[in-house]
Amino acid sequence: MTHAAAATHRTSMGLDSRKMAFWAFIGSECLLFGSLISTYLVYKGRSVVGPYPHEILNIPFTSVSTFDLLMSSLMMVLALAAVQRGDMKWGKIWLFSTALLGLVFLGGQVIEFTEFVHKGLTIGTNLFGCTFFVLTGTHGAHVTVGVLWLLTLWVRALQGKLGPANAMTVEITGLYWHFVDVVWIVIFTVVYLIQ
Amino acid sequence: MLGISSLAAGFNFIVTILNLRAPGMKMMRVPTFSWMTLVTNFLIITAFPVITVGLLFLMFDRFFGTHFYVREAGATPILWQHLFWLFGHPEVYILILPAMGIVSEVLPTFARKPLFGYTVVVYSGILIGFMGWGVWSHHMFSVGLGPIADSVFSATSMLIAVPTGVKIFNWIATLWGGDIRGTTALHFAVGFVAMFIIGGLSGVTHASPPADLQQTDSYYVVAHIHYVFFGGTIFGLFAGIYYWWPKMTGRLLDETLGKMHFWLQFVGMNLAFFPMHFIGLLGMPRRVYTYSPDLGVSDLNLVSTIGAFLIALSILIFVVNLWRSRTRGRPAPNDPWGGATLEWSIPSPPPPYNFSVIPTVENRLPRWRTERHGPMKDPPAVPPAPIHMPGGSWWPMVAALGLPLAALALLTHTLWVAFVGAAVLLFGIYRWAFEPFEV
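Residue numbers (our numbering), protein chains in the order written: chain Y, 42 to 236; chain C, 16 to 454.
Note that these hints are calculated values from the structure, not bench results. This structure is a prediction, so every number in the text was calculated from the model and none was measured. Ideal Cβ placement from N, Cα and C applies to all residues, glycine included. Some hints could be false.
[As the list claims (entries may be wrong)] Straight-line C-alpha distance at most 25 Å; calculated SDA-like pairs for lysine to any residue:
| no. | chain 1 | residue 1 | chain 2 | residue 2 |
| --- | --- | --- | --- | --- |
| 1 | C | K392 | Y | T52 |
| 2 | Y | K133 | Y | V145 |
| 3 | Y | K202 | C | W447 |
| 4 | C | K274 | C | A323 |
| 5 | Y | K85 | C | P411 |
| 6 | Y | K60 | C | N34 |
| 7 | Y | K85 | C | L71 |
| 8 | Y | K202 | C | L71 |
| 9 | C | K262 | C | P366 |
| 10 | Y | K60 | C | P411 |
[To be verified] Some chain Y residues well away from chain C (every beta-carbon gap over 12 Å; in silico):
| no. | residue |
| --- | --- |
| 11 | K60 |
| 12 | F66 |
| 13 | S88 |
| 14 | P101 |
| 15 | M112 |
| 16 | L115 |
| 17 | Q150 |
| 18 | G165 |
Using the sequences provided together with the hints, build the complete structure.
Quick look at the structure:
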């Protein structure tokens, strides 16, 4: 990746090359989650044994997780704003908060998955189990990648290697984080709210 | 997993073509090969995630006891067919569009005429890219999806033949009245057009569900796919290799051997694949290696086999030609063919920095003289100012090492090795992504 070159050269579309590549990546990810969500919808109500979604999904609990993830997007916006104006003290705080809220979301997912397994829903129980765990698990894996990414940036900031010159890196991290958040809004609506 | 490397390359090509063009290189001045590469890479980054999901489900069914494709659990294997062909049909265009781009470069050079209807060729390519997403169920007519789905996909499949046909007429019109030089590259490009017409015609017959029900899973389909992929893609690729080999290596290929290669391959492929139309319609199913002598297809199959050996012989001649060019090939000048595009203005093989001075592009055929402009000046042989080259990176290699490890372990069902491979892959990608902080 020619980051340095791309940052200094004038580009044909006037857009940073890394940012353009990342938008293309997000387009590609839409097809990935689109396929997973479509499969969930196609197989909805076709499980031949329980537990069924309405017996097991805990909407109040997941609403809290959803709120937590939405708030992490706010932290991400604040982190980018701080880095862009060169305020690395708050930049570090907001970056860490974003990662922390991401970790809280993942913790919630672990609790939810464990509870489901105790109630008899595993990945191999029925079609609901297959489609639910693979869909939310893939999303959880994306959140995990995001948390590792944010923590890496936070460590680099602590080392003094992240400054306003790297604002584009933080902006792209933000694009990823907001995208993962938006996907969750769709999953929350499709899987939890519309049963 | 293979999707990862294709996606990474896809993003790279898209951004390079869209965002790192030379000054004056407007989108409507970009060479057709680059244009088709752009469309192809958009198809790659959108189609590969779909097969990734299909394969993910398959892997989970095999290793972790899920039931994505298990009938008894209420699921349906048709989901696999949909996911596969949702990827599979765009993939067909991923394979053919670059070859169409190559032919659109080779024909004008050796006819010494601009590509006929450049704009239409480009827009047809884009249209094929979009429509390629709306035809996948024509691979599934025999599943019984119902009259509505069959009608819609039949209509879209016939419709996609239109931009393809437009391109074919453009290529023929490019040759028409041209000052034609019969190089090997031109032979392959013209062979492409001829073979692709036959493959395209048999393809349109599949678009009709009643006809397709007779042809599905028979050798007729095998004949079709070989006319479009062997007669099409492979001929296109050979045209590209004979055209750009001197640019890549600095050595010319032998034209006599090249033409022997072409004619043997041309005759061989028609002997091998044309009889398959009849073999299929006479009732021989594909993917079955044996058949009853009562079927009456023994002689036709013998002809096919002879054709296959001729193809093998032609490829052998090709390999000898490549090998010979290393030592005995004539050294290639900057521009052995009199090409119109920028790559011919620099040395063969190109220096690591490609252009000593980034050229300013003023028209679509910068190196030719037309009524409106003269040929552009070649960039100087020695760069007037030092050129900054980006450093290399080892981390993509590390990531690439993890892939085969994980894949082989999954084949032998040793899960822990697969996880080690995946960990190496992820670590490689992680270090690669954050490398700018190291330098």
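Which hints from the list above does the structure break, by number from lowest to highest? The structure breaks hints 5, 8, 11, 12, 13 and 18; every other hint is satisfied.
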